[in-house]
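K.L.:
The residues making up each chain are set out below.
Protein chains: 4
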Amino acid sequence: MSHNSFGHLLRFTTWGESHGPAIGAVVDGCPPGLGLSETDIQPWLDKRRPGTSRFTTQRQEPDQVRILSGVHEGLTTGTPISLMIENVDQRSKDYSEVGKAYRPGHADYAYDVKYGHRDPRGGGRSSARETASRVAAGAVARLVIPGVRIRACLVELGGIAIERSRFDDAEIDRNPFFCPDAETAAQWEIALDAARKAGSSLGAIVECTATGVPVGWGAPLYMKLDSQLASACMGINAVKGVEIGDGFGAARLRGEDNADCMRPGTDGPQFLANHSGGTAGGISTGQPIVVRMALKPTSSILTPVETITRDGEATEIVTKGRHDPCVGVRAAPVMEAMVALVLADARLMQRGQTGR
Amino acid sequence: MSHNSFGHLLRFTTWGESHGPAIGAVVDGCPPGLGLSETDIQPWLDKRRPGTSRFTTQRQEPDQVRILSGVHEGLTTGTPISLMIENVDQRSKDYSEVGKAYRPGHADYAYDVKYGHRDPRGGGRSSARETASRVAAGAVARLVIPGVRIRACLVELGGIAIERSRFDDAEIDRNPFFCPDAETAAQWEIALDAARKAGSSLGAIVECTATGVPVGWGAPLYMKLDSQLASACMGINAVKGVEIGDGFGAARLRGEDNADCMRPGTDGPQFLANHSGGTAGGISTGQPIVVRMALKPTSSILTPVETITRDGEATEIVTKGRHDPCVGVRAAPVMEAMVALVLADARLMQRGQTGR
Amino acid sequence: MSHNSFGHLLRFTTWGESHGPAIGAVVDGCPPGLGLSETDIQPWLDKRRPGTSRFTTQRQEPDQVRILSGVHEGLTTGTPISLMIENVDQRSKDYSEVGKAYRPGHADYAYDVKYGHRDPRGGGRSSARETASRVAAGAVARLVIPGVRIRACLVELGGIAIERSRFDDAEIDRNPFFCPDAETAAQWEIALDAARKAGSSLGAIVECTATGVPVGWGAPLYMKLDSQLASACMGINAVKGVEIGDGFGAARLRGEDNADCMRPGTDGPQFLANHSGGTAGGISTGQPIVVRMALKPTSSILTPVETITRDGEATEIVTKGRHDPCVGVRAAPVMEAMVALVLADARLMQRGQTGR
Amino acid sequence: MSHNSFGHLLRFTTWGESHGPAIGAVVDGCPPGLGLSETDIQPWLDKRRPGTSRFTTQRQEPDQVRILSGVHEGLTTGTPISLMIENVDQRSKDYSEVGKAYRPGHADYAYDVKYGHRDPRGGGRSSARETASRVAAGAVARLVIPGVRIRACLVELGGIAIERSRFDDAEIDRNPFFCPDAETAAQWEIALDAARKAGSSLGAIVECTATGVPVGWGAPLYMKLDSQLASACMGINAVKGVEIGDGFGAARLRGEDNADCMRPGTDGPQFLANHSGGTAGGISTGQPIVVRMALKPTSSILTPVETITRDGEATEIVTKGRHDPCVGVRAAPVMEAMVALVLADARLMQRGQTGR
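Protein chains in written order, with UniProt numbering: chain X, 1 to 356; chain A, 1 to 356; chain R, 1 to 356; chain C, 1 to 356.
Derived from the structure by calculation, the hints contain no laboratory data.
Some hints here could point you the wrong way.
To be verified - Over 12 angstroms on every C-beta distance to chain R, these chain C residues come out as not near it, computed from the model:
(1) 21
(2) 42
(3) 49
(4) 61
(5) 86
(6) 87
(7) 88
(8) 90
(9) 123
(10) 160
(11) 163
(12) 170
(13) 186
(14) 284
(15) 316
What the hints assert, rightly or not - Dumping the calculated DMTMM-like pairs for lysine to aspartate or glutamate here, alpha-carbon to alpha-carbon at most 20 angstroms:
(16) 197/A - 193/X
(17) 320/X - 306/A
(18) 100/C - 73/X
(19) 197/X - 73/A
(20) 47/X - 73/X
(21) 197/R - 257/C
(22) 47/A - 169/A
(23) 320/C - 306/C
(24) 320/R - 256/C
(25) 47/C - 173/C
(26) 100/X - 313/X
(27) 100/A - 73/R
(28) 320/A - 257/X
(29) 197/X - 169/A
(30) 320/X - 256/A
(31) 100/X - 306/C
(32) 100/R - 257/R
(33) 320/R - 257/C
(34) 47/C - 189/C
(35) 100/A - 313/A
(36) 47/R - 86/R
(37) 47/A - 168/A
(38) 100/X - 311/X
(39) 320/X - 306/X
(40) 197/C - 257/R
From the three backbone atoms N, C-alpha and C, an ideal C-beta is built for every residue, glycine too.
Sequences and hints are given; from them, build the entire structure.
P.N.:
Set out below in C-alpha cells:
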C-alpha cells in the first residue's frame, strides 16, 4: 500500500522532487529475458521532454535515463529495474515566493496542511516533472506486452475539438501538440500563443487507444480494467475527468444504440461497434481499448489571482517560473505510459491466475 | 492484491453471485469501539433495494443484512466485520438462454474467454446484485467519518439534465429517482416509462457530494483522492465515465477562470470557487468533494440485438428476466457507499502517517 | 494490507470469533475450472476437528463447511470462494470470568489495551477456533498445486522427540498425535495424560514436508519462500519458533558440511543432501520443502497462576472451559493448510511473472 | 505485492546488484517533519560495512549513502525517501567461473531455472550486499519510533554460545563480533581464524532486543508482530531459523512454567517473566521484544565441493572472491534494521486504526 507505487504483479515506485538532485522509478516484477537498454526508454522520454517547442516549459532538461539495476548483458533479469534521471536545470530562485503564498489550483495549501512541511521549489513532489519517471517505467511496461500498440493524442485543446472524420494517425507526431489533424493543430497554435501571451493557460482532452489487447485481461470486480485505467489517468497531474469508450456520451444513448453487437468473424467474433471502449464487466473484449482524460488549464499563470499567504494574509499571486501554457500537451506520452503499465500488469495477473 | 477487495487501512472484500445462496462482504480494519448493529446498515440497503418502484427490477429481495463477526455488545472490536445477505428471489430459469448466447454490453463473452467456465445465472458475479455488499460495507465506513455527510443524486437521466438553479437537496428522497428537482423527476418518469414499454433502457449521470471532509486526506501520488474516487466509481457496474469538480468542463476553461481563489476566512481560508471539486494535488482542500459518474443504459433489453452463441453461430438475443430500465437510479446509494469507503480509508491512512 | 488476509495472487481473508454465530474465509484468486465441492474440504476439517479424542478440547463442533460462492456446477469460476462454518457448541458462560482478569500467555491484556473493547468469550478472535477457516482455505489451495504432497506430523511433544530412524509416514494417521512412530506416540499418551490430570499442558514441535514442488517458486527478495513460510507458521496460535531445513542446527555446521552438493541425475540435478530444506535464495530447488515450528504449551491451564484484573488488582486465575492440553496436536493440519497456501500462491506468482 | 518491498504504512523497496553501479532503497510512508540527513544513516551503515576486520570480506566499500529525495531543509516531507549507495570495489573477474557452475548453498541454480537469465557477478541480486539498503532504510525507521531502543548481538558462533550470566550490553561494540562477552569473543576469534584458514566457514545465532515498545502494536491475525518479525528475519541472507522469546525452548516447558505472570506495578502491570518475548496474540505487551535468528555457515568456501555446471556436467567448485567467513557477524546490524522497520510500520498501522 505504498502511496507512491502503482500496479500489482508489475509494479513501479517513483521518487523525487522537481528541484532535488534527481528523480527516478523502481520497476518491480518485470519478466526476465526481455531486451532492455537505455535506448529503449529514451525515445519515450524525449517525447515528453520539456523545452522542445514554445508551447512547453522552457526548462531545459536532457532527461537522460540511467538503468542502475535489473538488467544484465542487455536482458532483464526479473529483479527490480532502477531508473534514474538527473535534474539539471533547476532554477529554484524563481520559486522563492512560492513558499510564502498558496497558488490557487496548486497543491501548496493541501500539502502544507497535510504534512506541515514541504519542498516548495518547483512544486516539489507535486510537480509534473515526476511524470518523467512514469514515462520511463512505461517504456519497460511496453516490453511486457509486445503485441499491443498504445497511442495517445490530443482531441481537444482550449475548447477546440478535432473533427473525427479528419483523424489521421500519421499526423500525430508531425506537430507539437500530438494532434491527429494538421488543420486543427494550426488553430491550437493560434489559441495557445494567444493564451500564453495573455499570461493565461488552456485545458485539453487527451485520448489513448490500445490495439492488440486480447480478450480476458482485467480482474473483476475491484481490479476491473476500467477502474485501473481510471485510477492511472486520474492520478496524472491536472486530470479531472476520465472516460472509457463513449463515456459520458453513453449516458445519453438508449440501450439498443449502445449495444456492441457481435457477428461471427473469420477469426473469432466480430464486433459491430465499440461503445464500451474495449471492456465488458471490466475485462478486455479484444476490441481497441479507448480512454479519454480531461486536463484543467495550467494553474501556474501570469495573470494575478487572489489568494492568501502561509500566515493567512490576503494577497495576489502571479506564478513566474517556466511553465507549460497547456499541461495537456505533454500529458499524452504520460497517458500512454500509464495505460501501458495497466495493461502489462493486467496481462501478468491474467497469466498468473489462469495460466494464459 | 485481492481482485475482490477495495481499500487499504479500511478494506473490504466481497463475495457472491446473483443466484447463489447469499452474497456478502468482510470489512477489515474498522476502528474499535464504534456503535454498530444491523439497524445501522439496513436503511442504506433499503435505499438500494430492488422492487420498490416500477422503475427498478421486480426481483423481490428483502436484502436483510446479518452481522456475523467483529461486533460485541453493540460495539466494533477492531476485528473483521462479516456481513451476509441471503438471496431469496432467484429465478434462474429466466436465464436458461443466457448461457447459450452472449448478451451485447454484458460481461458474458469476456468472462467466458477469461475463465472458460462461469455462473451465467443472473450475470453471476458480474451482476449488479453484488453492489448490495458495497452498500453494506459503506454503512460501516460512514461510522469511521462521523463528521462527513455524503449525498448522491441523479443529475441527468436519458439525456435530460436537471437545472442547477432548481437543485433542492430535500427533494432527493421524495421521488424514486434520487432526483433533486421534482419537475425534472416528472420528466424522467415519462421518459423512463416510455423506454421501459419500448423494451429499451436509458443511461444516467449521478453526482455525489461529500461535505465536512477536512484538509489533508488523500495520499499523493498514487493514492490521490481523485484516483481512489475514480477507481471506486469506475468499478460500479455500467459506469463508463468519472469526473471530479468541473471535470471535462475544466478542459474548456482558461487558467484564471479555473482558479479556486482564496481569501482569509473566519476559521481558516475561504475559497471563492470549487472548480477542483475539493481536491488539490490529490489531497482534500476542505471544500466539498464533488464527483460525477456516467452510467450507460442497461444492457439487458427486450429489443432484439445481433449477437453470437457460445459456439460462434449468429443469432439474435432478447434479454428477459427482471431488470432495471435505468441502472443509474439504484447506483446512487452504491456511489455514496464507495465514496464513504474511499474517504474513511483516506482518513485512517492520513492518521497513520501523520498522527492527525 | 488487510490485517486478516494472507497471500497475494491466491489470497484468503478470514473472519469470525470463537463464540459468534459462525466463522469463515473468503478465498480470492483461485484459478477457474478446478473441481471443488464441500467434500473436498471436509476431510481436512475433520482432521483438525475438536472433540475427537481425550487429548483435544471436548467442545463438540461438527465443523461443517458450506461453500457460498465461487463454484458453479462443481467447478471453480475464478471468483471469490466464500466458506462458512457455523459455531454450534459455544458455552460462553464458562468464560464469564475471562473478561475480568487477564490470563497469562493469552492475548487478553494486549487486545484490551490495543482495542479498548473486545469479545472475551472463548478468546474471541484470538481463539484457535479461527484456524478452522485456514484449514478450509488450505483445502482450496491444494487444488492449485495438484502435484504437491504436503504432510505435517509432530516430531516432539513435551520434550520427548521422535527418533528419526523410526520415522514411519504411514503411522501418522494411526494415532491421535499425528506422530510418525507408534512407540513415541505411546510415550506421548502417558505424558499428556499426566499433564492433563495435573491441570497443566505441554508444548510440541510440528514438522511439515512438501514434496513435488518444482524448481523456481518463491520471489526474492521480500517474498522468499522462507519468509512466506515463516510468516505463515509464526501466525498460527501458540507458535514461537520456525525453522527451514536444518534451521538452528545449521548454525552449528561448518560450510562444507552444510553444502547441499549436486551431481548429474537422470532427470535434472541430483542433490546429495537437503540441509537447506528445499530452498536457496528464497526459491524452491526441487528438493522437499521442510519446515518445523515450535508451539508453546497451552496457556489455558487449571493450575492457578498470578495475574491482575482489568482494574489492575492482583488475583490468581484458573482457566476453566474446554481446552487442548497440547495445542500442538491439532496444529498439524493447520500447518499443512498454511504451507499449501504459501506454495499455491508462489506457484501463481511464478506463473504470472515468468509464464511457467 | 512488490517482491522487493517490505512493510505496509512504512514501506521500503530495494534495488541493485552486487556488481552493478549502485544499490538503493526507496522508503515510502515516512511521517513528515522528522530530522533526517545522511549523518543519521551513515553510522548504521558503518557498522555493517565490509572490510573493517579480518573476519569480514576484504571488499572495500565506503558505503556512502546519498539522500536523493524526501527531505527538505533537513526535515522529512512525507514523500518517498530515495537512498543510494554506489558500488565502488567490484572485482567481477573473481566471479568469472561462478556463471559456469552452481555453488552449493547459493541461489545460483534456483535463479537460473526460475529466471533463465541472471547476473552472476558477486551473486547479483542475491548477494548480501543488498542488505546495506535495508540498513539505510532501517535508519529512517528508527526515527519513527524514537522511544524504542533496538540492539542485536551474536549469542552463538560456530556452536560456541555465550553464557547468559556474562551478558554485558556495553561489550557488544568493543569487539568485531557484536559479542556481549569479551571472553566468548576471544574464543570466537580463535574458532573463526581456524575456519578461515581451513577454507571453511561457521554459522551463528543473532539475538535482537527491542525495549520501549508500548502495548498494542501488531495487527492480528495475519499481521501479528511475530509473523512480521519472522518474515523480516527469515528474509535475511543465510537465515534458516527464527524464534520469539523462548522459541523452540518453550515447546519443552509446561504451561505453568511458561506463563508470563502479572502483578500490579507502579505504572501499569508488572510482568514476572518474558517467555513470550514481548508479544501475546501477535500484539506487543509492553515487555521487551526478543527475537533470535540462526544463520547457516557462509556457502562461499575454499574447500572444494561437488556440484554440476550449467550444462549439467559433474564438477568440483571452490568459491574464490572475497567472503565473510561467518555471515552471521555482519547480520546483526541488518537484523536491527529489519526489526526497526517492522516496529515502525506496526506503530503507524496501530495509529491509523486506533488513533493511538
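K.L.:
For each hint, tell me whether it holds in the structure or not.
P.N.:
Verification of the hints:
Under the 12 angstroms C-beta cut-off, the non-interface status given to residue 21/C relative to chain R holds; the minimum distance is some 19 angstroms. Residue-level check passed: residue 42/C sits 23 angstroms from the nearest beta carbon of chain R, beyond 12 angstroms. In this structure residue 49/C is separated from chain R by more than 12 angstroms, as the shortest Cβ-Cβ distance comes to about 20 angstroms. At roughly 19 angstroms from the closest C-beta of chain R, the C-beta of residue 61/C stays outside 12 angstroms, upholding its exclusion from the interface.
The beta carbon of residue 86/C is kept farther than 12 angstroms from every beta carbon of chain R, the shortest such distance being approximately 20 angstroms. The beta carbon of residue 87/C is kept farther than 12 angstroms from every beta carbon of chain R, the shortest such distance being approximately 17 angstroms. A cut-off of 12 angstroms between C-beta atoms confirms that residue 88/C is not in contact with chain R; the least separation is 22 angstroms. Listed as outside the interface, residue 90/C is consistent with that label: its C-beta sits roughly 20 angstroms from the nearest C-beta of chain R, beyond the 12 angstroms cut-off.
Against the 12 angstroms criterion, residue 123/C falls within the reach of chain R, whose nearest CB is about 8 angstroms from its own CB. In this structure residue 160/C is not separated from chain R by more than 12 angstroms, as the shortest Cβ-Cβ distance comes to only about 9 angstroms. For residue 163/C, the non-interface assignment is confirmed: its Cβ lies about 17 angstroms from the closest Cβ of chain R, beyond the 12 angstroms cut-off. No beta-carbon of chain R is positioned within 12 angstroms of the beta-carbon of residue 170/C; the least distance is around 25 angstroms.
Residue-level check passed: residue 186/C sits 20 angstroms from the nearest beta carbon of chain R, beyond 12 angstroms. The Cβ of residue 284/C does not lie farther than 12 angstroms from every Cβ of chain R; its closest approach is about 7 angstroms, which violates its non-interface assignment. Against chain R, the non-interface label of residue 316/C is violated: not every CB pair exceeds 12 angstroms, the least being about 9 angstroms. A hinted pair counts as satisfied when its Cα atoms are at most 20 angstroms apart, and residue 197/A with residue 193/X does not qualify at roughly 53 angstroms.
A threshold of 20 angstroms between alpha carbons decides the hint, and for residue 320/X with residue 306/A the separation of about 58 angstroms lies outside it, so the pair is violated. Between residue 100/C and residue 73/X the CA atoms are separated by roughly 16 angstroms; this keeps the pair inside 20 angstroms, and the hint holds. Taking the CA atoms of residue 197/X and residue 73/A, the gap is near 67 angstroms; set against the 20 angstroms cutoff, the hint is violated. Using a Cα cut-off of 20 angstroms, the hinted pair residue 47/X and residue 73/X is violated, with the two alpha carbons roughly 27 angstroms apart.
For the hint pairing residue 197/R with residue 257/C, the CA-to-CA distance comes to about 16 angstroms; that is within 20 angstroms, so the pair holds. Distance restraint check for residue 47/A and residue 169/A: the Cα-Cα separation of roughly 16 angstroms lies within the 20 angstroms cut-off, and the hinted pair is therefore satisfied. Restraint check for residue 320/C and residue 306/C: the C-alpha separation of about 15 angstroms stays at or below 20 angstroms, so the hint holds. With a C-alpha separation of about 14 angstroms, the suggested pair residue 320/R and residue 256/C falls inside the 20 angstroms cut-off, and the hint holds.
A C-alpha spacing of about 9 angstroms is found between residue 47/C and residue 173/C, which places the hinted pair at or below 20 angstroms, so the restraint holds. Of the pairs offered as hints, the one joining residue 100/X and residue 313/X holds, with about 10 angstroms between alpha carbons and a cut-off of 20 angstroms not exceeded. Simply put, residue 100/A and residue 73/R have alpha-carbon atoms about 16 angstroms apart, close enough for the 20 angstroms limit, and the pair holds. Distance check on the hinted pair: residue 320/A and residue 257/X sit about 18 angstroms apart at the alpha-carbon level, within 20 angstroms; holds.
Distance check on the hinted pair: residue 197/X and residue 169/A sit about 43 angstroms apart at the alpha-carbon level, beyond 20 angstroms; violated. At roughly 14 angstroms between alpha-carbon atoms, residue 320/X and residue 256/A fall within 20 angstroms of each other, so this suggested pair holds. Using a Cα cut-off of 20 angstroms, the hinted pair residue 100/X and residue 306/C is violated, with the two alpha carbons roughly 69 angstroms apart. Distance restraint check for residue 100/R and residue 257/R: the Cα-Cα separation of roughly 54 angstroms exceeds the 20 angstroms cut-off, and the hinted pair is therefore not satisfied.
Proximity of residue 320/R to residue 257/C is assessed by CA-CA distance (about 18 angstroms); at most 20 angstroms being required, the pair is judged to hold. Straight-line distance between C-alpha atoms of residue 47/C and residue 189/C comes to about 18 angstroms, which keeps the hinted pair within the 20 angstroms bound. A threshold of 20 angstroms between alpha carbons decides the hint, and for residue 100/A with residue 313/A the separation of about 10 angstroms falls inside it, so the pair holds. The suggested pairing of residue 47/R with residue 86/R holds, with an alpha-carbon distance near 17 angstroms, which does not exceed 20 angstroms.
Of the pairs offered as hints, the one joining residue 47/A and residue 168/A holds, with about 19 angstroms between alpha carbons and a cut-off of 20 angstroms not exceeded. Our distance criterion of 20 angstroms between C-alpha atoms is met by residue 100/X and residue 311/X, whose separation comes to about 8 angstroms. Among the hinted pairs, residue 320/X with residue 306/X is consistent with the structure: their alpha-carbon atoms are about 15 angstroms apart, no more than 20 angstroms. With a C-alpha separation of about 16 angstroms, the suggested pair residue 197/C and residue 257/R falls inside the 20 angstroms cut-off, and the hint holds.
When the structure is compared with the earlier hints, violations turn up for hints 9, 10, 14, 15, 16, 17, 19, 20, 29, 31, 32 and for no others.
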